[in-house]
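The residues making up each chain are set out below.
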Amino acid sequence: MSAIIELFSYDFFQKAFWAAVFASISCGIIGAYIVSRRIVFISGGITHASFGGIGLAFFLGFNPLLGAVLFAVLSALGIQFFTRVAEIREDSSIAIWWSLGMALGIIFVFLTPGYTPNLMSYLFGNILTVTVSELWWMFTLNVVIVSFFAVFLRKILYIAFDEEFARAAGLPVALFNYLIIVLIALTVVLNIRVVGIILILSLLTIPQATANMFTKDFKSLLVLSSVFAFVGTIAGLFISYFLNIPSGAAIIFTLVLIFGVLRLVKSFI
Amino acid sequence: MDALIKIENLTVAYDKVPVLEKVNLEVREKDFLGVIGPNGGGKTTLLKAILGLLKPESGKITFSPKMGGRKKPIGYLPQVKHIDRKFPITVFDVVLSGAIMQNPNKAGSQVKNRAELLLEEMGITGIRNKAIGELSGGQMQRVFLCRALLSQPKLLILDEPDTFVDNRFEGELYEKLRKLNEEIAIVLVSHDVGTITSYVKTIACVNKLLHYHPSNVISQQQLANYNCPIQIISHGEVPHTVLKHHH
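Residue numbers (the numbering used here), protein chains in the order written: chain A, 1 to 269; chain B, 1 to 247.
Check before you lean on any hint, since a few could be wrong.
Unchecked claim - Derived DSS-like pairs (lysine-lysine); straight-line CA-CA distance at most 30 Å: (1) B:LYS60 - B:LYS22; (2) A:LYS216 - B:LYS86; (3) A:LYS216 - A:LYS266; (4) B:LYS201 - B:LYS30; (5) A:LYS219 - B:LYS112; (6) B:LYS106 - B:LYS66; (7) B:LYS179 - A:LYS219; (8) B:LYS55 - A:LYS155; (9) B:LYS66 - B:LYS176; (10) A:LYS216 - B:LYS201; (11) B:LYS176 - B:LYS86; (12) B:LYS130 - A:LYS155; (13) A:LYS155 - B:LYS106; (14) B:LYS81 - B:LYS130; (15) B:LYS112 - A:LYS155; (16) A:LYS266 - B:LYS130; (17) B:LYS112 - A:LYS216; (18) A:LYS155 - B:LYS22; (19) B:LYS106 - A:LYS219; (20) B:LYS22 - B:LYS55; (21) A:LYS266 - B:LYS30; (22) B:LYS86 - B:LYS66; (23) A:LYS219 - B:LYS86; (24) A:LYS216 - B:LYS81; (25) B:LYS16 - B:LYS66; (26) A:LYS219 - B:LYS16; (27) B:LYS81 - B:LYS179; (28) B:LYS106 - A:LYS216; (29) A:LYS155 - B:LYS66; (30) A:LYS155 - B:LYS81.
Derived from the structure by calculation, the hints contain no laboratory data.
From just these sequences and the hints, can you work out the full model?
See below:
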């Protein structure tokens, strides 16, 4: 116990703690929406496409997160455009953007002279190296997401559940869809530092699957998903520290473990 | 009587291929119109055009001021197969979504009371907090009927409300519609011609073109003339208006 308290006196651990809090809230809420609407695959596409932006940033020498945001938002809008306007099948347009982003990333990194030391932390995340300015960005995103969902909860729910009915009733469905896809892109990118590009889908789906065992109400699902995300992230953080294993992988392992155990327990009651 | 909705020369196309061509139709107050036709004949397309979900290629749809112009909600009951049954939403929230533009939590809002009343009328108050995925076909249909009625529409549009529903509820549903029809107009799409002809007042056959038939008695011969290739099946339990004999 004292070891845990001692941990909190370290500056890097305090930052990791706040990163866990912010990641849990944003991924909990956005993930619950993604899972409910069955757009997990779109989110995977956006996430991986953002790697292209990270590569570009390394190559040109600017902030990799900025590059990631650019590519994430572009691919999010690109997927929508391909599907709606160019009438390419949705799963195919997702795959196109997914692989294009990754390919561009690899090309840019290859062209960048010298060794790119941080690449691994973008691919697999490292919550222990989060910086203060990144925390501020995450905090701002949390404020935006929580306010947006608080103000428009019912409209978001109604559109997600039955888009056609919402359109017939005169809701600006397309506007909401674009706004939320941008929020998804931002959530993915700003949480890349926590679990990494390859693993971020876990924070958007596993806590939600766990929460969904206990509630079928949309609003409760948003809250409960954030709670499970937080428990898993913090527990994973400790495991990572004490066993000295990579934090991103430890967090995901914990999230799956919580899901598995609760699922087993539930099937026996 | 004034038309609630007037459709003039409506053509709707997907990828330039017309699904509906030069359709004319009026829906008046307290009409009960049955829309029949073969699969792919444009029944659902007609409904979607009325609901404003599809842009017509040409022609126009006008709404009477009695409907409150274009913004006034039309009660709409979609095909249940389009509903994601695993979606985390409770019955009560589904019903509340019928008044989509109103905030049910606002002080003085009548929406929640009206929703409770509708649930009671349909006899489904007991399942109010259940998840949508836990319901039977008949219960689902009732929930969506509550949602369609919450906005107090002057016109109710139903798209194949009798699929996935057991026979007993089907009868109840049509009785309910007959009662609602004392107050509001109803447009009902169905593939089950035999059953609907005993409830509707008029019939529209849609197969790219629309043929209006101003009564609820329709013969196989007339259907053939309308180029509406569907079979009329008479159900044993519905003796009254099935079909006249033609020789």
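These are the hints, each one checked on the structure:
1. B:LYS60 - B:LYS22: Cα-Cα ~10 Å, so holds.
2. A:LYS216 - B:LYS86: With a Cα-Cα distance of about 9 Å, the restraint between A:LYS216 and B:LYS86 holds, given a limit of 30 Å.
3. A:LYS216 - A:LYS266: holds, 15 Å
4. B:LYS201 - B:LYS30: Satisfied, since the Cα-Cα distance of roughly 10 Å is no more than 30 Å.
5. A:LYS219 - B:LYS112: The given pair, whose Cα atoms are some 17 Å apart, holds under the 30 Å limit.
6. B:LYS106 - B:LYS66: With a Cα-Cα distance of about 27 Å, the restraint between B:LYS106 and B:LYS66 holds, given a limit of 30 Å.
7. B:LYS179 - A:LYS219: violated, 36 Å
8. B:LYS55 - A:LYS155: Distance of about 24 Å is within 30 Å: holds.
9. B:LYS66 - B:LYS176: Distance of about 24 Å is within 30 Å: holds.
10. A:LYS216 - B:LYS201: Outside the cut-off at roughly 41 Å; violated.
11. B:LYS176 - B:LYS86: holds, 28 Å
12. B:LYS130 - A:LYS155: holds, 20 Å
13. A:LYS155 - B:LYS106: At roughly 14 Å apart (the allowed maximum being 30 Å), B:LYS106 and A:LYS155 satisfy the hint.
14. B:LYS81 - B:LYS130: holds, 19 Å
15. B:LYS112 - A:LYS155: holds, 16 Å
16. A:LYS266 - B:LYS130: Holds. A:LYS266 to B:LYS130 sits at ~19 Å (cutoff 30 Å).
17. B:LYS112 - A:LYS216: Judged against 30 Å, a Cα distance of about 20 Å means the pair holds.
18. A:LYS155 - B:LYS22: Violated. A:LYS155 to B:LYS22 sits at ~36 Å, over the 30 Å cutoff.
19. B:LYS106 - A:LYS219: holds, 18 Å
20. B:LYS22 - B:LYS55: Distance ~14 Å between B:LYS22 and B:LYS55 Cα, so the pair holds.
21. A:LYS266 - B:LYS30: Violated. A:LYS266 to B:LYS30 sits at ~52 Å, over the 30 Å cutoff.
22. B:LYS86 - B:LYS66: Given that 30 Å is the threshold and the Cα spacing comes to 38 Å, the pair is violated.
23. A:LYS219 - B:LYS86: holds, 15 Å
24. A:LYS216 - B:LYS81: holds, 20 Å
25. B:LYS16 - B:LYS66: violated, 34 Å
26. A:LYS219 - B:LYS16: Roughly 42 Å between the alpha carbons, so the hint for A:LYS219 and B:LYS16 is violated.
27. B:LYS81 - B:LYS179: holds, 26 Å
28. B:LYS106 - A:LYS216: Given that 30 Å is the threshold and the Cα spacing comes to 24 Å, the pair holds.
29. A:LYS155 - B:LYS66: holds, 27 Å
30. A:LYS155 - B:LYS81: Holds, at roughly 22 Å.
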